[in-house]
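Engineer: Here are the chains, one letter per residue:
Number of protein chains: 2
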Amino acid sequence: MRKPKKLLNDPNNVRQEVMQGLVYAYNGKLTAIPDYCAVYGNHISNEQVVVISGGGSGHEPTFAGFIGEGGIDGCALGEVFTSPSPDQIIELTKATENGNGVLFLYGNYSGDGMNFDISAEILAEENIATKTIRATDDIASAPLSKLSDRRGVAGIMFLYKIAGAASQFEKYNLENLYQVVAKANANVRTIGVALDGCALPQSNNFNFELDENEIEIGIGIHGEAGLRRQAMTSSDEVVKEMIDRLCDDLPFQTNDRVCVLINNLGALSNTELLVITRKVGIELNNRGIIIHDIAVGHFCTSLEMSGFSITLMKLDDELQHLYDLPCQTLGWRK
Amino acid sequence: MRKPKKLLNDPNNVRQEVMQGLVYAYNGKLTAIPDYCAVYGNHISNEQVVVISGGGSGHEPTFAGFIGEGGIDGCALGEVFTSPSPDQIIELTKATENGNGVLFLYGNYSGDGMNFDISAEILAEENIATKTIRATDDIASAPLSKLSDRRGVAGIMFLYKIAGAASQFEKYNLENLYQVVAKANANVRTIGVALDGCALPQSNNFNFELDENEIEIGIGIHGEAGLRRQAMTSSDEVVKEMIDRLCDDLPFQTNDRVCVLINNLGALSNTELLVITRKVGIELNNRGIIIHDIAVGHFCTSLEMSGFSITLMKLDDELQHLYDLPCQTLGWRK
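Here the protein sequences come in this chain order: P and X. Take 1 as the starting number for the first sequence in the UniProt record's numbering and just add one per residue. Take 1 as the starting number for the second sequence in the UniProt record's numbering and just add one per residue.
Among the hints, a few may not be true.
What the hints assert, rightly or not - Stretches of chain P that chain X covers, calculated by requiring three or more beta carbons in the stretch to come under 8 Å of a beta carbon on chain X:
no., region
1, 41-49
2, 191-198
3, 224-236
4, 286-295
Keep in mind the hints are simulated off the structure, nothing from the lab. Note that beta-carbon positions come from the ideal geometry of N, C-alpha and C, so glycine has one too.
Turn these sequences into a full structure, and let the hints guide you.
Structural biologist: Now the structure itself:
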């Protein structure tokens with residue numbers, strides 16, 4: 001059976017070594033809590049609500065790579081594709097909270113939800129106030145009528161951007177921060193496509209396999225089944241369907257201002273990603289949708305999965321103002 | 001025979017579609033000269049020397065993705081892994097030059113060198129002054145005694161950074177700009193490693209193949225043969241050898257201040273790239289080399305090649321000042 005080729009040390013140490021790599025990559029701007037595999041930024045001030053995230057490793061730079069000025073404040077790292085534990089979340093929260101409350105902001109997966117909820121209950125007993133937003137941007141993961149069942153994928157980056165700007169620069173209190181990030185979450189939609197799977201470091205077996213000439217529309221970032229598999233076709237045809245589906249879902253309409261995220265899931269070439277970007281631009285222009293900003297690159301990956309996702313976030317004046325504020329993180333600078 | 005899976009339209013249109021994708025990705029900050037497949041930034045002022053690059057497509061965001069404030073000014077796009085023609089370079093130069101002279105800054109490949117040199121001669125006849133720097137950072141491509149034979153790889157990004165800051169912000173004249181970029185070039189060293197090859201869009205055959213358990217030390221960004229092939233080993237062992245080779249070459253020594261670039265060549269997971277980053281940090285720390293800044297991500301790719309490169313640039317006060325100035329490009333923001 002075909003195996004992906006990986007360059008690692010002990011596959012049992014991936015999470016710890018990723019955490020140490022992040023500390024070097026941040027070069028003095030990040031503090032680790034090694035016993036709990038959690039990290040937080042050295043920028044956190046006493047005047048802000050703290051924004052904490054967490055999730056499985058394997059999606060780098062998501063999630064911890066968006067810590068920084070104008071980004072999130074701390075992150076608990078789970079094992080690859082596995083939720084962080086309540087212990088990790090609680091210790092990280094205690095290390096960073098400053099009396100202004102804490103926003104938990106993470107992708108909508110059952111393990112993450114359970115462990116963050118347990119943490120919130122325990123922290124509440126110690127009078128640490130938290131509120132929770134679960135990113136639900138993947139339109140392929142559940143119908144619109146079950147919006148709260150949808151999974152979170154690359155669109156969480158836009159929520160981090162809004163949350164970081166509102167908390168750090170505009171000093172929103174916890175309730176107002178919750179409201180604006182909830183609004184952003186309601187305005188974000190993503191859909192992904194896979195050409196090829198990825199493999200967990202420990203087993204090194206592909207978590208799904210596609211035929212030589214097959215792609216999957218609507219793939220999840222852990223390889224969750226999408227909407228359908230089909231024969232390879234042209235890039236333009238695939239992108240047109242993705243934009244159609246995204247625009248129908250919110251809906252996004254003529255004269256809407258949007259931010260666009262064209263995300264490489266891992267092994268796709270950036271050459272193909274720019275061919276995709278061209279068609280995304282053409283399709284949005286054809287619909288009279290106004291591109292306020294566009295980010296193209298590797299933001300939320302799935303190990304070495306070959307594929308990409310497209311995210312749109314509809315702006316109003318408040319979201320646009322927050323989006324336009326600066327951001328200095330490993331994964332995204334603006 | 002195994003083939004890579006690509007999502008494209010007509011493979012003969014890749015270069016044009018990448019150019020159009022760049023225009024959308026820059027969202028109003030980039031102008032295309034479609035008939036010559038060249039692009040330039042809308043930031044160019046009349047008070048600066050213009051910095052022009054060019055090279056084959058397939059390395060995105062290199063080369064054109066470093067156009068912008070604090071980056072380069074224009075770029076001629078060759079077909080995938082192919083040099084741009086003199087026509088492209090000449091038209092781009094005429095569209096952007098402003099009487100202050102033009103620095104040609106590109107990787108040291110014979111086709112690029114020939115076509116830029118022809119362009120420089122023709123432009124000289126029209127009284128447009130140019131000077132040329134060829135990036136020669138790949139230590140695996142020729143011995144130190146033949147430094148000017150070395151190829152340019154990911155390290156060109158640091159030269160772009162220095163050139164953009166010196167020309168746009170500090171208004172260096174052509175001679176002084178040439179001198180400082182030549183100094184930066186002399187201070188930059190890169191080495192790469194491949195786990196797996198890549199394939200040109202038109203043939204879709206791998207340009208080199210490695211066995212299931214084999215890696216290649218010293219690979220070039222078009223798959224040029226490296227120093228040797230060997231059996232897969234631990235990430236730490238590979239990185240240690242790379243840092244040893246880099247440090248021996250310049251040499252980089254205790255108390256040197258360096259900028260570090262850890263570059264994903266394409267399909268390697270960012271998870272592995274952070275494990276690599278950890279060991280780079282440890283090795284440089286062990287040598288007492290001071291990490292001034294570190295960039296981790298996809299900067300100079302080789303289509304879907306799986307692999308990575310490590311670049312070091314030694315700083316002096318002038319280079320550090322220029323490096324620390326801001327940079328707003330598609331491929332790198334600071």
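Engineer: Would you mind marking each hint as holding or not holding in the structure?
Structural biologist: Results for each hint:
| no. | hint | verdict |
| --- | --- | --- |
| 1 | 41-49 | violated (count 0) |
| 2 | 191-198 | holds (count 4) |
| 3 | 224-236 | holds (count 4) |
| 4 | 286-295 | holds (count 3) |
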